[in-house]
Amino acid sequence: MNDSLLRNWTQEDFDTVEQGVLVAQHGLAETGMFTDDALADIIDSHPAEDLSINTMGVDPDVFDWREGERNGVSGRELVQLVREGQLWINCRRMIDNHPDYARAIHSLYDDIEQQKAGFVAENRTANLLISSPSAWVPYHVDMPVNMLWHIRGTKRVWVYPPFDNRFASSQVLEKVCSGEWSEDVPYDPSFDRYALVYDAQPGQLITWPQLTPHRVCNLEGLNVSLSTEHKNARARRRLNVHSANHLLRTKFGIASQHIAADGPTAHAKQLLARSFRLVDRLFGKQKEQFVYPKTFYVDPEAPHGYRLKEGVEGQMVAPHLDKELVAS
Numbered sequence: 001m002n003d004s005l006l007r008n009w010t011q012e013d014f015d016t017v018e019q020g021v022l023v024a025q026h027g028l029a030e031t032g033m034f035t036d037d038a039l040a041d042i043i044d045s046h047p048a049e050d051l052s053i054n055t056m057g058v059d060p061d062v063f064d065w066r067e068g069e070r071n072g073v074s075g076r077e078l079v080q081l082v083r084e085g086q087l088w089i090n091c092r093r094m095i096d097n098h099p100d101y102a103r104a105i106h107s108l109y110d111d112i113e114q115q116k117a118g119f120v121a122e123n124r125t126a127n128l129l130i131s132s133p134s135a136w137v138p139y140h141v142d143m144p145v146n147m148l149w150h151i152r153g154t155k156r157v158w159v160y161p162p163f164d165n166r167f168a169s170s171q172v173l174e175k176v177c178s179g180e181w182s183e184d185v186p187y188d189p190s191f192d193r194y195a196l197v198y199d200a201q202p203g204q205l206i207t208w209p210q211l212t213p214h215r216v217c218n219l220e221g222l223n224v225s226l227s228t229e230h231k232n233a234r235a236r237r238r239l240n241v242h243s244a245n246h247l248l249r250t251k252f253g254i255a256s257q258h259i260a261a262d263g264p265t266a267h268a269k270q271l272l273a274r275s276f277r278l279v280d281r282l283f284g285k286q287k288e289q290f291v292y293p294k295t296f297y298v299d300p301e302a303p304h305g306y307r308l309k310e311g312v313e314g315q316m317v318a319p320h321l322d323k324e325l326v327a328s
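Read left to right, the sequence shown gives residues 1 to 328 (UniProt numbering).
Hints in this document: simulated from the structure, not taken from any laboratory.
The beta carbon of each residue, even a glycine, is placed where N, CA and C say it ideally should be.
One thing to keep in mind: the hints can contain errors.
Once the Cα atoms are required to be at most 25 angstroms apart in a straight line, the calculated BS3-like pairs of lysine-lysine come out as [stated by the list, open to error]:
1) Lys-231 - Lys-294
2) Lys-251 - Lys-294
3) Lys-251 - Lys-285
4) Lys-287 - Lys-309
5) Lys-231 - Lys-309
6) Lys-231 - Lys-116
Label-pair distances were calculated between CB atoms; the ranges are [what the hints assert, rightly or not]:
7) Glu-301 - Leu-196: 36 to 46 angstroms
8) Ala-302 - Ala-260: 42 to 52 angstroms
9) Asn-123 - Pro-264: 22 to 32 angstroms
10) Glu-301 - Asp-3: 45 to 55 angstroms
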């Protein structure tokens, strides 16, 4: 592993992947693949359908996550607007759209597979995240297994106890995994006393178990991270268990608290979830995941680099903010 992008990993580091919270070192920042010019080239060559531009307002205590329109702004100008404004760019599906980056990402996963017994990273995806010095990402969970490879700038990451109903109840995870909600989930500041807090530096990886609640607040500089995601048989089964629980609750009035990803019950629930999806496909119905409407335009002349569309006012409304939906 002399040419590996993983730096000074111990066997304990490898063994912690998917099982606990891990902070380790990597060499992505040393590749020259994430300079300003490289970022601008990625943005300009990236398919529009796989590129999201977001803002989150200026107050981390007020949820106002929005998605917007690029509005014809060039990649170079957009990078500068991110540096000076309040924006967050997500270039999704980097593996599919950028072969050079795909090779680097696969090498990371391949090295972990080689060193961690039983580890399999299937359905690999990667998102390039470019965000403003004061940007923040609200409290949320990721459905696939997530690994945050930090490359530029500094950011603070709060990681909350996984598989704990106090921080993301089984009913909340049902709504996320079924597509009824986005991955944003209800947050209370009192949760912070239980969080592990890390100030991520360039060259650090932070990863945690699947569906672990977390939030992020940038501290300094243009922030660049590569967020890789993967699934395997166990990860898919965990999502199917929550989807099946949602089906049992909404269609049959059964409130199941069983969320374990292993054992006969988990396999039975996976079969239930897959069966319902198959029936839906046979009738032409596709699973719909909640998405935020596009409510602003990128605007180099506007404060924070964007302006709201005409008629858009007030705080963004999201399902997890609706108290009736949260309780239902």
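Do the hints match the structure? See the list:
1. Lys-231 - Lys-294: Status violated; Cα separation ~29 angstroms.
2. Lys-251 - Lys-294: 32 angstroms, violated
3. Lys-251 - Lys-285: Measuring from Cα to Cα gives roughly 17 angstroms; hence the hint holds.
4. Lys-287 - Lys-309: Violated: Lys-287 and Lys-309 sit about 29 angstroms apart, past 25 angstroms.
5. Lys-231 - Lys-309: The given pair, whose Cα atoms are some 37 angstroms apart, is violated under the 25 angstroms limit.
6. Lys-231 - Lys-116: Distance ~15 angstroms between Lys-231 and Lys-116 Cα, so the pair holds.
7. Glu-301 - Leu-196: 36 to 46 angstroms: 41 angstroms, holds
8. Ala-302 - Ala-260: 42 to 52 angstroms: 49 angstroms, holds
9. Asn-123 - Pro-264: 22 to 32 angstroms: 25 angstroms, holds
10. Glu-301 - Asp-3: 45 to 55 angstroms: Since Glu-301 and Asp-3 have Cβ atoms about 47 angstroms apart, the given range 45 to 55 angstroms holds.
In terms of the numbered hints stated before, the structure departs from hints 1, 2, 4, 5, listed from lowest to highest.
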